[in-house]
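Could you build the full structure based on these sequences and the hints that come with them?
Number of protein chains: 4
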Amino acid sequence: MISANFKEIVSQYEVVFFDSYGVLRDYDGLVPGVQQTFEYLHKNDIDFYVLTNDASRGPKELANKFQSLGLEAISRSKIISSGMLARDYLKYKVKDGTVAFLGTAESAHYIETAGLKTLPIGELSLKQIDHINALVMLDDEGYDWYKDINKAINLLRMRNMPVIVANTDLTYPVSRGKIALAVGAISDMVEEIVRKNFIRFGKPDAQMFNFAYEHVLKTRMVDKDKILMVGDTLKTDIIGGNKFGIDTLLVLTGNTPPDKARLFIDSSGIIPDYICESAAV
Amino acid sequence: MISANFKEIVSQYEVVFFDSYGVLRDYDGLVPGVQQTFEYLHKNDIDFYVLTNDASRGPKELANKFQSLGLEAISRSKIISSGMLARDYLKYKVKDGTVAFLGTAESAHYIETAGLKTLPIGELSLKQIDHINALVMLDDEGYDWYKDINKAINLLRMRNMPVIVANTDLTYPVSRGKIALAVGAISDMVEEIVRKNFIRFGKPDAQMFNFAYEHVLKTRMVDKDKILMVGDTLKTDIIGGNKFGIDTLLVLTGNTPPDKARLFIDSSGIIPDYICESAAV
Amino acid sequence: MISANFKEIVSQYEVVFFDSYGVLRDYDGLVPGVQQTFEYLHKNDIDFYVLTNDASRGPKELANKFQSLGLEAISRSKIISSGMLARDYLKYKVKDGTVAFLGTAESAHYIETAGLKTLPIGELSLKQIDHINALVMLDDEGYDWYKDINKAINLLRMRNMPVIVANTDLTYPVSRGKIALAVGAISDMVEEIVRKNFIRFGKPDAQMFNFAYEHVLKTRMVDKDKILMVGDTLKTDIIGGNKFGIDTLLVLTGNTPPDKARLFIDSSGIIPDYICESAAV
Amino acid sequence: MISANFKEIVSQYEVVFFDSYGVLRDYDGLVPGVQQTFEYLHKNDIDFYVLTNDASRGPKELANKFQSLGLEAISRSKIISSGMLARDYLKYKVKDGTVAFLGTAESAHYIETAGLKTLPIGELSLKQIDHINALVMLDDEGYDWYKDINKAINLLRMRNMPVIVANTDLTYPVSRGKIALAVGAISDMVEEIVRKNFIRFGKPDAQMFNFAYEHVLKTRMVDKDKILMVGDTLKTDIIGGNKFGIDTLLVLTGNTPPDKARLFIDSSGIIPDYICESAAV
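Chains as they are written, first to last, in my numbering: chain A, 279 to 559; chain B, 279 to 559; chain C, 279 to 559; chain D, 279 to 559.
Accuracy of the hints is not assured; some may be wrong.
All copies of an identical chain are treated as equivalent in the list; a pair is satisfied when it fits inside any one copy or across any two copies.
Calculated pairs, SDA-like style, for lysine to any residue (alpha carbon to alpha carbon, straight line, at most 25 Å) [what the hints assert, rightly or not]:
id, residue 1, residue 2
1, K504, L394
2, K513, M436
3, K504, L319
4, K373, M499
Since the hints were made in silico from the structure, they are not lab data.
Laid out in structure tokens, this is it:
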């Protein structure tokens with residue numbers, strides 16, 4: 279069920295959206311051959327963006343990671359992260375006061391560029407919460423789960439405020455065959471407890487794709503049918519791209535292994551327009 | 279907890295998005311005073327759109343309904359419906375073949391303007407399904423629930439295809455105090471059975487708001503902070519508007535009665551920027 | 279992964295609980311060889327019961343079905359149905375008034391043996407509901423889905439009453455490869471709409487197994503470790519039997535086909551004590 | 279909506295099942311007047327049991343807690359805990375090997391009385407898991423959430439085994455107005471991640487009530503209609519008792535405050551047979 283080669287397909291588009299983990303890199307480093315892919319894109323004037331459900335740091339730090347791996351083409355302006363959407367939400371809708379957060383200091387630093395004060399839940403006193411105007415869930419690291427998740431729950435019971443989830447993923451891979459809980463899973467649990475409606479950013483939600491499309495339009499006028507989404511995960515990359523109305527290509531280097539692709543597609547009902555072994559040209 | 283008057287608030291925006299049912303009209307006809315609201319908008323050069331989770335007919339017929347009630351200002355071009363998003367999806371992503379549907383002939387007629395053939399599930403033979411390239415759920419009326427919902431389930435078990443839900447609402451009001459199941463509830467039940475991932479269009483999803491915003495940008499350049507969403511339902515209009523990054527105003531003429539507004543806001547955690555008794559100026 | 283033969287396993291127990299559909303019979307009639315199984319059980323003084331999520335008729339009619347297929351051993355007293363639990367609930371907890379129902383006249387007839395008046399939803403007037411003390415969902419047939427499901431929803435919004443679901447299955451097979459919605463799926467949809475907590479009877483719930491165990495104890499003292507549950511469905515028969523604390527045996531003549539057994543067990547985490555090709559000795 | 283007094287109601291029954299927290303005691307100690315209640319029960323030969331979703335220690339330690347508060351009547355044999363059901367499950371269905379657990383050493387100690395070896399997840403090496411035959415979730419304390427929940431998830435991905443949840447509650451109260459996550463919430467999150475079917479013990483599940491009923495029958499023959507369930511929580515105590523077929527009494531000293539009782543009953547559809555201010559005679 280493998281389609282014709284990646285290069286041939288990509289050559290028909292003007293812009294390519296790439297998922298990051300499982301498509302361009304994994305725990306071993308870069309996916310073999312993707313450096314040549316970016317050279318090919320450059321030569322053929324095909325633009326690209328990396329769409330990632332990552333709010334653990336800002337776009338600059340996310341780009342640095344690729345550059346340290348040798349993928350120079352991926353600069354800060356090429357990164358579209360769910361954290362950027364969360365930051366924009368806080369900037370435009372919360373405006374003032376302090377934003378409590380679950381995450382690392384690094385993840386909060388990026389939120390502060392929106393002009394808001396941030397406070398780690400661990401430093402919050404539940405006796406002084408009148409200045410807290412939002413809670414944002416940024417990362418699974420940087421806090422004591424037992425103490426701080428419980429404190430977040432009590433905060434939300436005591437004061438009504440918007441809760442922003444900056445990464446909707448339930449898990450992320452940490453090594454071959456091992457995964458870890460992402461902040462999306464923690465936020466689902468907390469939402470179930472407090473029975474409030476959180477605001478979530480990240481694929482497969484259309485807002486992420488639209489945010490990327492707005493970035494595209496700043497530099498060139500492109501119709502949606504000239505954009506290709508390349509991802510390894512049916513339930514985020516592919517269904518999200520499909521719904522947004524762009525063509526989708528599934529690679530088999532990450533969450534969807536070659537021997538499971540047919541099973542996953544049939545059982546999920548999520549059908550990519552193309553399937554390739556990898557994003558290597 | 280009622281904010282200052284509607285007129286004063288609206289005057290600060292360049293574009294207003296209105297929900298339809300419970301805001302502009304209900305089972306008794308127009309909400310009192312909304313005709314004057316549209317006169318006020320016109321005089322002050324404030325543009326507007328009606329955002330509705332309705333796929334039971336095309337935008338022209340939806341506009342006709344308002345005009346027959348005396349709201350001349352709402353023409354076809356002012357309607358943004360979830361059915362329009364579903365139609366676009368089918369046009370760009372399905373392209374050819376036949377689209378099976380659950381709904382009225384009228385609802386399918388609009389889909390056919392995308393150039394696709396449609397077939398009511400009731401006329402489908404499960405022995406000839408190779409040409410069916412999508413299933414779309416348009417309306418709760420126009421078919422035999424028992425026969426046709428069961429047939430749709432078996433169709434989806436026999437052939438893998440995208441399923442598009444053109445109205446995500448679970449219910450709609452039919453008279454004072456009475457409701458009826460909307461096609462969104464039927465699609466949730468069918469999805470649970472077949473365990474596939476359907477594609478849904480309608481508020482609170484960001485794609486609906488973005489689609490409306492794209493329409494705005496065709497006629498005037500407006501920043502998001504100059505757009506106001508006016509709705510009666512926290513879980514569709516208000517959280518959707520908030521997440522999209524525009525200001526939101528809750529009216530108390532529909533799903534959120536005046537004596538329950540505080541309870542609903544506190545228990546849901548969905549906080550509008552303003553609250554007004556109605557959309558009357 | 280097939281265990282040693284069925285006869286050898288069964289001979290170690292004093293009582294066997296059988297699921298009905300997919301184990302003893304299917305749309306083609308009896309599963310080949312099961313008549314001999316019941317002869318074997320009789321000769322070896324092994325008792326048995328049939329546990330079925332069926333509320334469409336009383337135990338007498340359910341037994342008649344087996345007898346008409348030639349399985350004389352299955353008399354009325356050997357049937358344990360979810361409908362029997364629902365009937366008991368109504369008898370002991372509702373006591374008086376009228377019970378509105380969704381189902382066939384035949385399904386309601388059995389409820390009436392508890393001494394309660396019943397009224398099909400189709401004959402109910404929403405203007406006279408003060409005597410309705412419960413709603414029971416019995417079967418997917420016998421009513422107009424569109425009219426009567428909507429009427430049931432409005433009834434539940436107008437008057438607070440217990441809602442009893444007498445069959446928790448989402449679907450049932452109607453012929454090779456074809457299924458139909460069962461009343462369990464309809465009740466899930468209605469519960470989601472009215473946001474009340476329904477009372478459900480049927481496997482995998484422990485109450486069904488305990489009800490059967492109480493029947494066993496009326497005729498012989500048997501410890502749980504001398505009872506074997508034989509079923510074709512991991513998510514009802516096997517997990518229910520496991521949780522109740524009895525041994526479980528999966529047959530491959532129904533919902534779990536031979537080539538999928540390993541996949542289904544690994545992906546569900548539901549592990550039967552034995553696996554056999556069928557319940558034939 | 280308060281019914282006649284507690285003493286009058288209780289006098290009509292032969293056995294009373296009490297929930298613990300919010301009915302007999304809270305963070306301040308005993309609920310005022312309950313000591314007299316147990317004297318009254320004793321004088322009138324009314325038997326009783328305490329049904330609690332608590333697996334953090336054995337029945338002896340749970341009884342000690344009551345005795346230290348001055349409620350001498352509650353001895354070890356009067357305690358029915360979800361932990362006892364979990365222990366029985368492990369004893370009869372797992373039989374050998376080692377049981378990995380999330381919880382305190384004290385909670386595991388009770389499991390070991392079933393003759394099984396236990397191993398805290400924290401001490402488990404994911405390289406040596408062949409002897410692990412079950413995972414049991416006992417308590418929210420006693421481990422490092424971040425490390426050990428992640429380790430449990432990877433264990434379940436590497437080896438198929440039954441997972442037992444010994445407390446289904448999502449939260450528990452820690453002081454006036456403050457709550458903490460219970461292990462039931464953690465298990466829901468983990469189940470969502472690994473997509474396996476866990477086995478849960480605790481109210482409102484019928485097995486808990488039946489387990490208590492079996493204890494009753496060991497000392498006296500009592501029909502179900504002579505048993506009363508007294509609880510403060512509609513979604514566990516009351517719906518569970520109703521479904522099991524016994525009469526139910528709601529007290530307003532815990533999760534259901536007096537001014538919310540009508541709202542909670544109407545919105546949940548869970549209707550107790552009686553309502554009393556407290557369990558004091």
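With identical chains treated as interchangeable, where does the CA-CA distance between K513 and M436 reach 25 Å or less: within a copy, between copies, both, or neither? between (35 Å within a copy, 21 Å between copies)
When no copy is named, should K504 and L394 be tagged within, between, both, or neither for a Cα gap of at most 25 Å? between (38 Å within a copy, 21 Å between copies)
K504 and L319: within-copy, between-copy, both or neither at 25 Å Cα: within (14 Å within a copy, 38 Å between copies)
One pair to classify: K373 and M499, alpha carbons no more than 25 Å apart. Within, between, both, or neither? Only across copies: K373 and M499 sit 23 Å apart there, 32 Å inside one copy, limit 25 Å.
The structure agrees with every numbered hint stated previously.
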